[in-house]
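Asks: All chains should be modelled from the sequences, with the hints used to inform the complete structure.
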Amino acid sequence: MYPLRLFLKYFQLTLKVTLQYKFDRVLIAAAVMIREMAGVIILILMLNRFVMIKGWQIDEILFLYSFLFLSYSLFVFFFTGIRDFEDLVYSGEFDRFLVRPVGILFQVIASKVDYTAALGHGVLGIILLQKTASQLGIEWTASGILFYILMLLGGALIQASIFMIASTFCFWTVRTTNLRNMLFFNSRKIAAYPLSFYPGLIQKFLIYVIPFGFVNYFPAQYFLKKPEMNEFWSGFMFLNPVVAAVLFALVCLVWNYGLKHYSSTGNALY
Amino acid sequence: MRAYLKIAQKSFRNNLVFRAEYFAALLNTIVTILVNLAIWRAIYEEEGGLDNLQFSLIVTYVILALALFQIFTMDEYVIEKKIKSGLITSDLLKPLSFRLHLFSFHFGALLYRIVLLLIPTLLLYSLVYRVLPPFSIEMFLCFLLSVILGYFVMYSLNFIVWLSAFWFYKTFSLVTIKDTAVLVLSGAVIPLWFMPQQLVHFIKLTPFDTIFFIPISIYLGQIPMDQLLFSLLRQVIWITVLGLIGHVLWKLATRRLIVQGG
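Heads up: the sequence lines are chains A and B, in that order.
In terms of our numbering, the first sequence is residues 1 to 270.
In terms of our numbering, the second sequence is residues 1001 to 1262.
Bear in mind the hints are in silico, worked out from the structure with no lab data behind them.
Keep in mind that this is a model prediction, so the values were computed, not measured.
Accuracy of the hints is not assured; some may be wrong.
To be verified - In silico BS3-like cross-links for lysine-lysine, where the CA-CA straight-line distance does not exceed 30 Å:
(1) 1251(B) x 112(A)
(2) 1251(B) x 1094(B)
(3) 1010(B) x 22(A)
(4) 1082(B) x 9(A)
(5) 1082(B) x 112(A)
(6) 1081(B) x 16(A)
(7) 1010(B) x 112(A)
(8) 226(A) x 189(A)
(9) 16(A) x 1084(B)
(10) 1178(B) x 1010(B)
(11) 1178(B) x 189(A)
(12) 54(A) x 225(A)
(13) 16(A) x 1082(B)
(14) 1170(B) x 22(A)
(15) 16(A) x 1094(B)
(16) 1084(B) x 225(A)
(17) 1094(B) x 1204(B)
(18) 112(A) x 1170(B)
(19) 22(A) x 1094(B)
(20) 1170(B) x 189(A)
(21) 54(A) x 16(A)
(22) 22(A) x 1178(B)
(23) 112(A) x 1178(B)
(24) 1178(B) x 131(A)
(25) 1251(B) x 16(A)
(26) 1081(B) x 1204(B)
Claimed, not checked - Restraint ranges, calculated between C-beta atoms of paired labels, are given here:
(27) 1100(B) x 95(A): 39 to 45 Å
(28) 139(A) x 1244(B): 37 to 43 Å
(29) 1100(B) x 231(A): 53 to 59 Å
(30) 254(A) x 1013(B): 45 to 51 Å
(31) 1145(B) x 257(A): 42 to 48 Å
(32) 254(A) x 1244(B): 54 to 60 Å
(33) 13(A) x 1205(B): 54 to 60 Å
(34) 263(A) x 1244(B): 34 to 40 Å
Beta carbons: idealized from backbone N, C-alpha and C, even for Gly.
Replies: Here it is, written out as structure tokens:
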């Protein structure tokens, strides 16, 4: 159980680092929450004049949204190191990871946790989920809860894969942060609304290129059972863990390949 | 004057260097507009009014608002970085006004965004969608004036937030909260006429709607003649008020400047 103990030790350390500046971090968490809430408020302002849009109630769309917040919260809880991988490489800190007798990916993942974002997104996600689920009368059976949690984990892993493939480029000293942010956050914005709102090209993009459809739209169908699901293969509903596992495995292969080609930037700042 | 022009020119060229970033920004603008239009389309299909004027109106509004929103974004952390690195001291010692220096820097970036982001985006979308022309030539001129005023409202508001770096050192949370307020309340994403009445009354007491909503409403001819002057006046008043606050804060800030390192 050595890796687990080490992980907990790291966890303690990152928590201490975060709590060093309590006031600042609380403010950041609040700011993140307000920023994310804006998306929800805009959605409500846009749609509140209608009972239904394309067969969707506003609560159903917000339920869709809750997947995004909660899975992102999980993602930043576990994979902040991957999100901020670029800093690690360009500051030279990554070189220190290479000489330690523990897995490199393990260190990258364990060494950093963005608690403020995890808290901001998480709290908002829970509020949304709680409000919409009771509004929609979703019954939480044991299998339903299990399914939801599995989908969140899969969703977090899918998002981690997207970030990790971008971080791979750092090994060849190519900066892709802007492109990555653009692709990721725009896809996320698109995924906030049901896929059926969009033209076919965008739908295909969110299924086959940046698979955000599997983070929220398809898993949500399990609970909402929309008739429009007939337009897609019904297996998509359960494909989230498969997509996540395959994607993550593939990305890990590429990452390890890139690692072999890594030559240090040569200026450790610390 | 020549020095400030040089600074603006340098900032313009600086932006030109980063090609990849440019294409990311252009794509970002185009995609953001595309997504918003898709959502509005879904809403109007529901109402069965895709061909009517209302839909063209909203299409024009969304394209203009989001395109303007993109070019009004500024590098929010210039002052914070300068305080952190201590470079602010050497800037203050220069025989230039720091505030004009800062403005020239942002002005160069603004010109860059107008030429390379705004114009291509508008051209592209006017080919794909039915974008309404300006209501009339006079209104178009008023629109241009109002856009410039809107930019200054945004700038003076931003300046106040940036100055908070002198007291807090980190401005991320304040900047984020300000950005959110602007995004929701300025009509950058949703026109005010879709908002609940009480919210509109509240917004009218703030400077936010003078940034995007007033210029675009003028363009679309949605502001009656007798209210036009009042709307422009509101912009001027907010520039004066925010500018004054910024001025006072600046005087206070430079008197108590504490630099961490250098």
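Asks: Next step is simple, just say for each hint if it's right about the structure.
Replies: Here is how each hint holds up against the structure:
1. 1251(B) x 112(A): 40 Å, violated
2. 1251(B) x 1094(B): Holds, because 17 Å separates the two Cα atoms, which is no more than 30 Å.
3. 1010(B) x 22(A): Measuring from Cα to Cα gives roughly 40 Å; hence the hint is violated.
4. 1082(B) x 9(A): It is violated: about 36 Å lies between the C-alpha atoms, which goes past 30 Å.
5. 1082(B) x 112(A): 27 Å, holds
6. 1081(B) x 16(A): 25 Å, holds
7. 1010(B) x 112(A): 37 Å, violated
8. 226(A) x 189(A): Holds, at about 21 Å.
9. 16(A) x 1084(B): 23 Å, holds
10. 1178(B) x 1010(B): 28 Å, holds
11. 1178(B) x 189(A): 20 Å, holds
12. 54(A) x 225(A): 14 Å, holds
13. 16(A) x 1082(B): 28 Å, holds
14. 1170(B) x 22(A): 13 Å, holds
15. 16(A) x 1094(B): 42 Å, violated
16. 1084(B) x 225(A): Outside the cut-off at roughly 53 Å; violated.
17. 1094(B) x 1204(B): Given that 30 Å is the threshold and the Cα spacing comes to 41 Å, the pair is violated.
18. 112(A) x 1170(B): With a Cα-Cα distance of about 20 Å, the restraint between residue 112(A) and residue 1170(B) holds, given a limit of 30 Å.
19. 22(A) x 1094(B): At roughly 37 Å apart (the allowed maximum being 30 Å), residue 1094(B) and residue 22(A) break the hint.
20. 1170(B) x 189(A): With Cα atoms ~27 Å apart, residue 1170(B) and residue 189(A) stay inside 30 Å; holds.
21. 54(A) x 16(A): Distance of about 48 Å is beyond 30 Å: violated.
22. 22(A) x 1178(B): 21 Å, holds
23. 112(A) x 1178(B): Roughly 28 Å between the alpha carbons, so the hint for residue 112(A) and residue 1178(B) holds.
24. 1178(B) x 131(A): Distance of about 27 Å is within 30 Å: holds.
25. 1251(B) x 16(A): 38 Å, violated
26. 1081(B) x 1204(B): Roughly 34 Å between the alpha carbons, so the hint for residue 1081(B) and residue 1204(B) is violated.
27. 1100(B) x 95(A): 39 to 45 Å: 44 Å, holds
28. 139(A) x 1244(B): 37 to 43 Å: 59 Å, violated
29. 1100(B) x 231(A): 53 to 59 Å: 58 Å, holds
30. 254(A) x 1013(B): 45 to 51 Å: 36 Å, violated
31. 1145(B) x 257(A): 42 to 48 Å: Violated: the Cβ-Cβ distance is about 57 Å, outside 42 to 48 Å.
32. 254(A) x 1244(B): 54 to 60 Å: This hint holds: roughly 56 Å between Cβ atoms.
33. 13(A) x 1205(B): 54 to 60 Å: 47 Å, violated
34. 263(A) x 1244(B): 34 to 40 Å: For residue 263(A) and residue 1244(B) the Cβ distance comes to about 55 Å; the hint is violated.
Checked against the numbered hints listed earlier, the structure breaks hints 1, 3, 4, 7, 15, 16, 17, 19, 21, 25, 26, 28, 30, 31, 33, 34; every other hint is satisfied.
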